[in-house]
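Listed below, chain by chain, are the residues.
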Amino acid sequence: MTEPERALRVFLVDDHAMFRAGVRAELRTYVDVVGEAGTVAEAVAAITATQPDVVLLDVHMPEGGGRAVLEVLRRTQPQVKFLALSVSDAAEDVIGLIRAGARGYVTKTISPEQLAEAVRRVADGDAVFSPRLAGFVLDAFAARPDVPLADPELDQLTNREREVLRLLARGYAYKEIAKELFISIKTVETHVSNVLRKLQMSNRYELSRWAADRRLV
Amino acid sequence: MTINSVTGPPLAPDPTYRADASGHVGVPGEPGAPRPYPFRRLYRDPDHKIVAGVAAGLAEHLRLPIVVVRIAFIALFAANGLGALLYVAFWAVLRTAPRTEPRRGRRGNALQAVGFFALGAGVVLLQIQVEGFGVDATLVALGVLVALGAGIIWHQADPQRRRRSSDRTPDVTLPSAFRPGGVGEAEGDRRWFLPRVLGGGLLLIVGIIGILTVVSPTRLFSPNAAGGIDLSATITGLLFSLLALAGLTVALAPVLWRVFGQLREERVARIREQERAEVAAVVHDQVLHTLALIQRNAADSTSVVRLARGQERSLRNWLYKPVGSPSERLAAALEQAAAEIEDTFAVTVETVIVGDAENDERVAALVAATREALVNAARHAKVGTVSLYAEAEDGKLSVYVRDRGAGFDLSTVDDDRHGVRGSIIGRMQRHGGLAEVRTSPGEGTEVELTMPLARPAQSRNEKG
Numbered sequence: 001m002t003e004p005e006r007a008l009r010v011f012l013v014d015d016h017a018m019f020r021a022g023v024r025a026e027l028r029t030y031v032d033v034v035g036e037a038g039t040v041a042e043a044v045a046a047i048t049a050t051q052p053d054v055v056l057l058d059v060h061m062p063e064g065g066g067r068a069v070l071e072v073l074r075r076t077q078p079q080v081k082f083l084a085l086s087v088s089d090a091a092e093d094v095i096g097l098i099r100a101g102a103r104g105y106v107t108k109t110i111s112p113e114q115l116a117e118a119v120r121r122v123a124d125g126d127a128v129f130s131p132r133l134a135g136f137v138l139d140a141f142a143a144r145p146d147v148p149l150a151d152p153e154l155d156q157l158t159n160r161e162r163e164v165l166r167l168l169a170r171g172y173a174y175k176e177i178a179k180e181l182f183i184s185i186k187t188v189e190t191h192v193s194n195v196l197r198k199l200q201m202s203n204r205y206e207l208s209r210w211a212a213d214r215r216l217v
Numbered sequence: 001m002t003i004n005s006v007t008g009p010p011l012a013p014d015p016t017y018r019a020d021a022s023g024h025v026g027v028p029g030e031p032g033a034p035r036p037y038p039f040r041r042l043y044r045d046p047d048h049k050i051v052a053g054v055a056a057g058l059a060e061h062l063r064l065p066i067v068v069v070r071i072a073f074i075a076l077f078a079a080n081g082l083g084a085l086l087y088v089a090f091w092a093v094l095r096t097a098p099r100t101e102p103r104r105g106r107r108g109n110a111l112q113a114v115g116f117f118a119l120g121a122g123v124v125l126l127q128i129q130v131e132g133f134g135v136d137a138t139l140v141a142l143g144v145l146v147a148l149g150a151g152i153i154w155h156q157a158d159p160q161r162r163r164r165s166s167d168r169t170p171d172v173t174l175p176s177a178f179r180p181g182g183v184g185e186a187e188g189d190r191r192w193f194l195p196r197v198l199g200g201g202l203l204l205i206v207g208i209i210g211i212l213t214v215v216s217p218t219r220l221f222s223p224n225a226a227g228g229i230d231l232s233a234t235i236t237g238l239l240f241s242l243l244a245l246a247g248l249t250v251a252l253a254p255v256l257w258r259v260f261g262q263l264r265e266e267r268v269a270r271i272r273e274q275e276r277a278e279v280a281a282v283v284h285d286q287v288l289h290t291l292a293l294i295q296r297n298a299a300d301s302t303s304v305v306r307l308a309r310g311q312e313r314s315l316r317n318w319l320y321k322p323v324g325s326p327s328e329r330l331a332a333a334l335e336q337a338a339a340e341i342e343d344t345f346a347v348t349v350e351t352v353i354v355g356d357a358e359n360d361e362r363v364a365a366l367v368a369a370t371r372e373a374l375v376n377a378a379r380h381a382k383v384g385t386v387s388l389y390a391e392a393e394d395g396k397l398s399v400y401v402r403d404r405g406a407g408f409d410l411s412t413v414d415d416d417r418h419g420v421r422g423s424i425i426g427r428m429q430r431h432g433g434l435a436e437v438r439t440s441p442g443e444g445t446e447v448e449l450t451m452p453l454a455r456p457a458q459s460r461n462e463k464g
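Residue numbers (our numbering), protein chains in the order written: chain L, 1 to 217; chain R, 1 to 464.
No lab work stands behind these hints: they were computed from the structure.
Among the clues, some could well be false.
If you want the footprint, here are the derived chain L segments under chain R, 3+ residues with CB under 8 Å [stated by the list, open to error]:
id: 1; stretch: 31-41
id: 2; stretch: 164-170
Capping the alpha-carbon separation at 25 Å, the derived lysine-lysine pairs in BS3-like fashion look like this [said to hold, decoys possible]:
id: 3; chain 1: L; residue 1: Lys175; chain 2: R; residue 2: Lys49
id: 4; chain 1: R; residue 1: Lys382; chain 2: L; residue 2: Lys179
id: 5; chain 1: L; residue 1: Lys175; chain 2: L; residue 2: Lys186
Glycine included, C-beta positions come from ideal geometry on N, C-alpha and C.
Start from the sequences, fold in the hints, and give me the full structure.
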């Protein structure tokens, strides 16, 4: 993992200044932290101005949280990638941000190396799933014969995608998954990206219900 | 169905991280500011009044020009003075709107007022001229008297007026309705209390007696009609008792209503207070206590981690109420096992559970084997994190316990080492399951446990 490339430009959005300072210090050796914001309005203005590669986005903030930021910027700044970073493990928080357009979701207890790795992955256009998120997706896409599928392509996972998610949930890194399934890391990334797309586009009952319960969609 | 609590990935919590969910107490369905009433209420509008603001209030409520409403009232004067009765009745019943903005200077209403008064007087005079002052008109006039009396008493007891004074002297033990006056501007209310009640009561009684007189003059005041003396005396007595009762009700209704409203408000406040106390109990008894312990053990990073993890878990449980009890559901049982391992060995068990199953003998064995695998990982792997993944799918339960730690050579484990062979492999086999251990030195360890889910029919046979 020592590509001599341009340092990624990362922007932090979190309403806790202490947390921002902590992440900034941790990430300094890996990426270029170009700015930070503590409110939704600040974030929208500063991200538009600085044009970072990746935004680390807190889920819970006053005035609508990370979702509000995403909803404004997804339209105006489609090239900016978002990675959600939160203490919350609640399914509705996870699904809400992913469906609003975040490329991944990690919890705040992640190690600096793993976080830097996740940022890099998101910047490359891939998806980042924490074990927790993988478990959630497996649960939401569980095969239920009684539920009719509106769109079979979007509403169910392939066996391979299921296998990849299962290994992610078991705590495997992408490299380990590739080794376990005898496929390349690139293929693993493709599978995860496909799952992300299905998660964002599918109208599966479980996903819609979670979203509707929280008035997210 | 549910994905149950996953505990975060590795790493000792950095002290710069915020203390977990503390910023989000009560996250689900955050209660926003109370919404304004979804319906519009009819109020009087003293800002645009000529007499008492009834017409202005009605016009505002009906979204009509004020002039239209006023003319309608005056036109109804022609119907034996019905307009007056309606006006006074509205005035008696309606409250003034809670003021949202400072009172604006009253606009040139004086001229308009003179005009409307002249118009009203003209209508009434014309009517008397044409029809004379008939019985109906007398009734309406008396009705106006009754409404006026009731209005005077009711407005005296207007909760809006009182609230201003009770705000200033909060008294939880006694609903402020029972308290006289209050202080400051309420003084005026108190001074006028007796005159208003007496005057209003007088108007009420005169009005009601008058109405009864008009309606049944023969019965009340001509008791000499043949043989009717006893009967009419009884009726008269009855009527006056009813009258007194009605008067009392009319006079006391607003006071009772206010007391009722206040009791309700106090109940709501008490419920809110209880909720606050519950939050305070969690924050105080647990969180603050843990923070104090963390400060005292600051040098010992292992106990700090252990304390922080334990607190995090209990806070999460409190915020996102867990489903089912450990004795009933697989997911809850696994989580409990993971929590115990975390507490005992100061490691992080990253738990992901997909699906759930009811607890039975086999599930209990699976949980016990899982716990043993977790203990082994926590004790021997020498890493901070253990992954636990469980799923209930396609008629079988699978559990994976994985660490990236030291690993070991399976062939060198002695037969007398009870942990792996007895507690995990043997236990799983006895209950019809399978256990597989994959490890090599330096590569970490993964224990895979599978157990076929007993079909409902089978489990019934086994139990029976």
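Here's how the hints hold up against the structure:
1. Remark: the stretch 31-41 of chain L is not confirmed as covered by chain R, as 0 of its residues place a Cβ nearer than 8 Å to a Cβ of that chain, below the required three.
2. Using a Cβ-Cβ cut-off of 8 Å, 3 residues of the stretch 164-170 of chain L lie near chain R, which meets the minimum of three, so the contact claim holds.
3. The suggested pairing of Lys175/L with Lys49/R is violated, with an alpha-carbon distance near 80 Å, which exceeds 25 Å.
4. For the hint pairing Lys382/R with Lys179/L, the CA-to-CA distance comes to about 24 Å; that is within 25 Å, so the pair holds.
5. Straight-line distance between C-alpha atoms of Lys175/L and Lys186/L comes to about 10 Å, which keeps the hinted pair within the 25 Å bound.
Violated hints, listed in ascending order, are 1 and 3; each of the other numbered hints is respected by the structure.
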